[in-house]
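Enquirer: Take these sequences, add in the hints, and give me the full structure.
First to last, the sequence lines map onto chains G and H. Okay, so the first sequence: first residue is 41 according to the working numbering, each after it adds one. Okay, so the second sequence: first residue is 104 according to the working numbering, each after it adds one.
No lab work stands behind these hints: they were computed from the structure. The beta-carbon is built from N, C-alpha and C at its ideal position, and this holds for glycine as well. Some hints here could point you the wrong way.
[Stated by the list, open to error] Anything over 12 Å on all C-beta distances counts as not near chain G; from chain H, calculated:
1) R170
2) N174
3) L186
4) S189
[To be verified] Cross-link-like lysine to aspartate or glutamate pairs, in silico, DMTMM-like; alpha carbons within 20 Å at most:
5) G:K43 with G:E71
6) G:K43 with G:E106
7) G:K154 with G:D51
8) H:K116 with H:E178
9) G:K92 with H:E178
10) G:K43 with H:E206
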Amino acid sequence: DAKTTQPTSMDCAEGRAANLPCNHSTISGNEYVYWYRQIHSQGPQYIIHGLKNNETNEMASLIITEDRKSSTLILPHATLRDTAVYYCIVPGGGSYGGSQGNLIFGKGTKLSVKP
Amino acid sequence: KAGVTQTPRYLIKTRGQQVTLSCSPISGHRSVSWYQQTPGQGLQFLFEYFSETQRNKGNFPGRFSGRQFSNSRSEMNVSTLELGDSALYLCASSLGASGATGELFFGEGSRLTVL
Numbered sequence: 041d042a043k044t045t046q047p048t049s050m051d052c053a054e055g056r057a058a059n060l061p062c063n064h065s066t067i068s069g070n071e072y073v074y075w076y077r078q079i080h081s082q083g084p085q086y087i088i089h090g091l092k093n094n095e096t097n098e099m100a101s102l103i104i105t106e107d108r109k110s111s112t113l114i115l116p117h118a119t120l121r122d123t124a125v126y127y128c129i130v131p132g133g134g135s136y137g138g139s140q141g142n143l144i145f146g147k148g149t150k151l152s153v154k155p
Numbered sequence: 104k105a106g107v108t109q110t111p112r113y114l115i116k117t118r119g120q121q122v123t124l125s126c127s128p129i130s131g132h133r134s135v136s137w138y139q140q141t142p143g144q145g146l147q148f149l150f151e152y153f154s155e156t157q158r159n160k161g162n163f164p165g166r167f168s169g170r171q172f173s174n175s176r177s178e179m180n181v182s183t184l185e186l187g188d189s190a191l192y193l194c195a196s197s198l199g200a201s202g203a204t205g206e207l208f209f210g211e212g213s214r215l216t217v218l
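Expert: Okay, structure coming up:
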């Protein structure tokens, strides 16, 4: 089972910031949080990942709470092309203890960016 | 550099047949993972290969198998196809070093329809 819970859907106005929450209350101290998104009919796309500190790249920012039990993905200026399903993932275990190839995708959050 | 390439992109089979799907990872990537995506179950991990060895396996029947070649290319095979095997099959590649925290790069998928 997925180690994360996310809202089923969210709406965001074009040009505004989209803030997507994720709860991962059972995360272990050395487990990373990954975010991917999937635009309709395409393969998932990596967005960002983090451990403890906040992270930022050209696509988004990731804010992780101090207790690491939740995080928020921020798309600073959402566009129509950001409409997608966003997945918050804590990698599964496996024989290699967190093999990065074994991701447990939950239902994700369907983000709709509206004009 | 070229992304992850999956072939064929679309295929139609009948029940009882078998199918082989191919995945060419990004140059330099040694890990290949396979996922099945259906509307009902979402994205589910099938297996992961690293340096020609299966490193992790999801909860799928033995009809689903895979292999990886010395050039890191991978194939997956589904035998005795069932209607429920109709799905989008996604391949993802990564550098694959144990304990690494890098992202997965997904291909566009192979859409299998079983009639």
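Enquirer: For each hint, tell me whether it holds in the structure or not.
Expert: To see whether the hints hold, each was checked on the structure:
1. R170: It holds; R170 of chain H is separated from chain G by about 15 Å at its closest Cβ, greater than 12 Å.
2. N174: The assertion about N174 of chain H holds, with a minimum of 18 Å to chain G.
3. L186: holds (21 Å)
4. S189: holds (15 Å)
5. G:K43 with G:E71: Answer holds: K43 of chain G to E71 of chain G is near 11 Å, not above 20 Å.
6. G:K43 with G:E106: holds (18 Å)
7. G:K154 with G:D51: holds (7 Å)
8. H:K116 with H:E178: holds (17 Å)
9. G:K92 with H:E178: violated (37 Å)
10. G:K43 with H:E206: Holds - the C-alpha atoms of E206 of chain H and K43 of chain G are around 18 Å apart, at most 20 Å.
Hint check: a violation occurs at hint 9 only; the rest are consistent with the structure.
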